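Here the protein sequences line up with chains A and B, keeping their order.
Every letter in the first sequence is one number past the one before it in numbering that gives the first Met the number 0, and letter 19, counting from 1, is 18.
Every letter in the second sequence is one number past the one before it in numbering that gives the first Met the number 0, and letter 309, counting from 1, is 308.
Accuracy of the hints is not assured; some may be wrong.
Per label pair, the in silico range of CB-to-CB distance [as the list claims (entries may be wrong)]:
| hint | chain 1 | residue 1 | chain 2 | residue 2 | range |
| --- | --- | --- | --- | --- | --- |
| 1 | A | ASP261 | B | LYS112 | 26 to 34 Å |
| 2 | B | PRO246 | A | VAL229 | 18 to 26 Å |
| 3 | A | ALA89 | B | GLY88 | 28 to 36 Å |
| 4 | A | PRO140 | B | SER329 | 54 to 62 Å |
| 5 | B | PHE348 | A | VAL260 | 58 to 66 Å |
| 6 | B | PRO75 | A | ILE282 | 29 to 37 Å |
| 7 | B | ARG295 | A | GLY108 | 25 to 33 Å |
| 8 | B | LYS62 | A | PRO140 | 53 to 61 Å |
| 9 | A | ASP261 | B | ALA334 | 52 to 60 Å |
In silico contact screen, one side only, chain B against chain A (beta carbon under 8 Å); selected entries [said to hold, decoys possible]:
| hint | residue |
| --- | --- |
| 10 | GLY51 |
| 11 | LEU53 |
| 12 | GLU56 |
| 13 | PRO111 |
| 14 | ASP195 |
| 15 | SER329 |
| 16 | GLY355 |
It is worth saying that the hints were derived from the structure and are not from the lab.
Bear in mind the structure is a predicted one, so any value in this text is a computation, not a measurement.
Just so it is clear, CB atoms sit at the ideal spot from N, CA and C, and this is done for glycine as well.
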Amino acid sequence: MDLLVLILQGVIVAATPLLFAAIGEAVVERAGVLNLGVEGMMILGAVAGFAVTLDTGSFFWGILAAAFVGAIAASLFGFLTQVLMSNQVATGLALTIFGLGVAALLGQGYSGQSTGALARIEIPLLSSIPFVGPLLFAHDPLVYLSIALVIGVSWFLNKTRGGLILRAVGDNHDAAHAIGYSVVGVRMMALMFGGACAGVGGAYLSTVQTPLWVEGMTAGRGWIALAIVVFAAWRPSRVLLGAYLFGGVTVIQLHIQGFGVDIDAQYLSMLPYLVTIVVLVLISNDKARANLNAPACLTKPFFASS
Amino acid sequence: MKKIFKTALALMPILALALPISVASAAEKTKVGFVYVGPIGDHGWSHEHNIGRLAVEKAFGDKVETTYVENVSEGPDAERVIQQLARGGHDIIFTTSFGFMNPTLKVAKLFPKVKFEHATGFKRAKNVSTYSARFYEGRHVIGLIAGKMTKTNTVGYIASFPIPEVVRGINAAYLAAKSVNPKVKFKVIWVSTWFDPGKEADAANALIDQGADVIMQHTDSPAAMQIAEEKGIFAFGQASDMIKFGPTAQLTSIIDDWAPYYVARVKAVMDGTWKSQDTWDGIGPGMVGIAKFSDRIPADVRAMAGKARDDIAAGKLFPFTGPINKQDGSVWLKAGEKASDGDLAGMGFYVEGVEGSLPK
Numbered sequence: 000m001d002l003l004v005l006i007l008q009g010v011i012v013a014a015t016p017l018l019f020a021a022i023g024e025a026v027v028e029r030a031g032v033l034n035l036g037v038e039g040m041m042i043l044g045a046v047a048g049f050a051v052t053l054d055t056g057s058f059f060w061g062i063l064a065a066a067f068v069g070a071i072a073a074s075l076f077g078f079l080t081q082v083l084m085s086n087q088v089a090t091g092l093a094l095t096i097f098g099l100g101v102a103a104l105l106g107q108g109y110s111g112q113s114t115g116a117l118a119r120i121e122i123p124l125l126s127s128i129p130f131v132g133p134l135l136f137a138h139d140p141l142v143y144l145s146i147a148l149v150i151g152v153s154w155f156l157n158k159t160r161g162g163l164i165l166r167a168v169g170d171n172h173d174a175a176h177a178i179g180y181s182v183v184g185v186r187m188m189a190l191m192f193g194g195a196c197a198g199v200g201g202a203y204l205s206t207v208q209t210p211l212w213v214e215g216m217t218a219g220r221g222w223i224a225l226a227i228v229v230f231a232a233w234r235p236s237r238v239l240l241g242a243y244l245f246g247g248v249t250v251i252q253l254h255i256q257g258f259g260v261d262i263d264a265q266y267l268s269m270l271p272y273l274v275t276i277v278v279l280v281l282i283s284n285d286k287a288r289a290n291l292n293a294p295a296c297l298t299k300p301f302f303a304s305s
Numbered sequence: 000m001k002k003i004f005k006t007a008l009a010l011m012p013i014l015a016l017a018l019p020i021s022v023a024s025a026a027e028k029t030k031v032g033f034v035y036v037g038p039i040g041d042h043g044w045s046h047e048h049n050i051g052r053l054a055v056e057k058a059f060g061d062k063v064e065t066t067y068v069e070n071v072s073e074g075p076d077a078e079r080v081i082q083q084l085a086r087g088g089h090d091i092i093f094t095t096s097f098g099f100m101n102p103t104l105k106v107a108k109l110f111p112k113v114k115f116e117h118a119t120g121f122k123r124a125k126n127v128s129t130y131s132a133r134f135y136e137g138r139h140v141i142g143l144i145a146g147k148m149t150k151t152n153t154v155g156y157i158a159s160f161p162i163p164e165v166v167r168g169i170n171a172a173y174l175a176a177k178s179v180n181p182k183v184k185f186k187v188i189w190v191s192t193w194f195d196p197g198k199e200a201d202a203a204n205a206l207i208d209q210g211a212d213v214i215m216q217h218t219d220s221p222a223a224m225q226i227a228e229e230k231g232i233f234a235f236g237q238a239s240d241m242i243k244f245g246p247t248a249q250l251t252s253i254i255d256d257w258a259p260y261y262v263a264r265v266k267a268v269m270d271g272t273w274k275s276q277d278t279w280d281g282i283g284p285g286m287v288g289i290a291k292f293s294d295r296i297p298a299d300v301r302a303m304a305g306k307a308r309d310d311i312a313a314g315k316l317f318p319f320t321g322p323i324n325k326q327d328g329s330v331w332l333k334a335g336e337k338a339s340d341g342d343l344a345g346m347g348f349y350v351e352g353v354e355g356s357l358p359k
């Protein structure tokens, strides 16, 4: 039982960076923009979060810096794609490569140091409930924040006027423009939110999960986050499911190996991808409904004159 | 998707020593190229190769010009990068990961005048040498320490890919640990990557959750060491001294020292004496180093490990000496028999006592 709790706690730690990056990207894509630079923004967040935490001794400032740097990188992407009308796919890829390079440069003086991990907040009373307590009520603050973010985004997109405007911009930017909404303005805000989330996801990796800074440490998580958004059919609740599923299978397969179960490690390494695809097929067999969610203006450039 | 990672060709800035005289001699500069699988800031494998590159620069000054490309994924990308270097007029190119073997040979065929050096491989050609270090000698030493230091009798091992190099390390460490602690068990987790700090940390946590109190790794980042430090257990550094990441956790490190080899091979190119050859050096010639033993290791264990290190260096102790059975119980080496280099180079099985099955 204790081991199960430890395993599940490991799952949550592995899933949280993915969850942050994916929930941010979901909002961006709902506004009709595809930002493939998630990996680049994550790694910038990772280096900023680590460096500031180390220099100030405060995780709060570290995480805030990560969010800030992610948002800055995203607004650079926004300026290029929304104002200068560059191609979103190419610009996103460039942002990833740029981010990896800049992060390596900025991080030169910081590799080889350690901040120690962010402390867990154990909610009194609740966390002492056997099994459920340590599982649900004894995490670092960022885990709670990530869950709150999913709930908040879900509420914002579906229940508020702002969310409606954002979705309108993503589904039909010409119509949204015609009735007087600033398409570029909305998209810039969505992008900055997405960048901030990706930055925090990267910082989670460098200040909680590992915690250290090494070049290239995001190791493809940005791409997984992008895949999770599609997996989730752009729905926040499913982003949560996707991130936990992927993170979960990744960690559980490590444990299966540790127990010496007789399955080739290559199959186990495939498992997170395999399970995610199978679940995707199962939940999206209703094609009409799945398509309903895809933002109609995704990746389409917006010209105010048209 | 990892292809995206590949950074562009990173040319070393040519120092501003471009005096008229040195321009004249520029044509005679020996150009040396390096291809790394990870970032040079990985604090492990690629980091050490890069230190070797810097040693070449230091040794020959303005007589050499070195170039490196980092983060090159194993596969078609590697071929492209190696070809670019060959075409760019490099005299000798070091490709420093096992997975670069076939791309290196392919490019070598196209550029017969360029010399190639492939690390950890086993295929050679007229203009392709191979070189590797007998890391298993180091694994023997850390295995002895691990066997003595574990209280739960469980040693966690984070492995990358089931290639002979890695399997040999597991076997060497296990046999050594077993020889001093018959109850010791190894838990091996394959992470299917050389470099992914997050995943390496997850694997370390999984091993610790399952009772391991000493961690060994055959991956390139210091993440596992960092986790060991945090959880208050022991670990061994890999490729580099990782003491910065685990000031109390690190018992010792296996250190790769490529510098003397790189300097010698570049010198051979300059002198025109370069020949295709296979080099496999260990603790004796200094290609494999052992970092300072931690003070947390009891003095008698330190003495034992130190003696093993010195005996291996002197050629008095050979880590794979029979009797050793394979995992299925069949005899591999009879009593007193020593494994041949060929057997070691192609090792594709666990020895008796290692649990779990080896991924094929």
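Now for the hints, and whether the structure bears them out:
Checking the proposed 26 to 34 Å range against ASP261 (chain A) and LYS112 (chain B) shows it is violated: the Cβ atoms sit about 50 Å from each other. Checking the proposed 18 to 26 Å range against PRO246 (chain B) and VAL229 (chain A) shows it is violated: the Cβ atoms sit about 44 Å from each other. Here the CB-CB span from ALA89 (chain A) to GLY88 (chain B) is close to 31 Å, well matched to the stated 28 to 36 Å. Between PRO140 (chain A) and SER329 (chain B) the beta carbon distance is about 55 Å. The supplied range of 54 to 62 Å therefore holds.
Our hint of 58 to 66 Å for PHE348 (chain B) and VAL260 (chain A) is violated, since their Cβ atoms are close to 19 Å apart. The beta-carbon spacing between PRO75 (chain B) and ILE282 (chain A), approximately 35 Å, falls within the hinted interval of 29 to 37 Å. Distance hint for ARG295 (chain B) and GLY108 (chain A): a CB-CB separation of about 29 Å, consistent with the stated range 25 to 33 Å. Here the CB-CB span from LYS62 (chain B) to PRO140 (chain A) is close to 57 Å, well matched to the stated 53 to 61 Å.
A hinted range of 52 to 60 Å is violated for the C-beta pair ASP261 (chain A) and ALA334 (chain B), which are about 31 Å apart. Contact between GLY51 (chain B) and chain A, as hinted, is not supported at the beta carbon level, the nearest pair being about 18 Å apart and thus beyond 8 Å. Violation of the interface hint for LEU53 (chain B) is found here, the shortest Cβ-Cβ separation to chain A being roughly 15 Å, above the 8 Å cut-off. Given the 8 Å rule on beta carbons, the hint for GLU56 (chain B) is violated: about 19 Å separates it from the nearest Cβ of chain A.
Hint status for PRO111 (chain B): violated, given a least beta-carbon distance of 34 Å to chain A, over 8 Å. The criterion of a C-beta within 8 Å of any C-beta in chain A is met by ASP195 (chain B), whose closest approach is roughly 4 Å, and the hint holds. Evaluation of the SER329 (chain B) hint against chain A yields a violated restraint, the C-beta minimum of about 19 Å exceeding 8 Å. About 4 Å separates the beta-carbon of GLY355 (chain B) from the nearest beta-carbon of chain A, less than 8 Å, and the hint is met.
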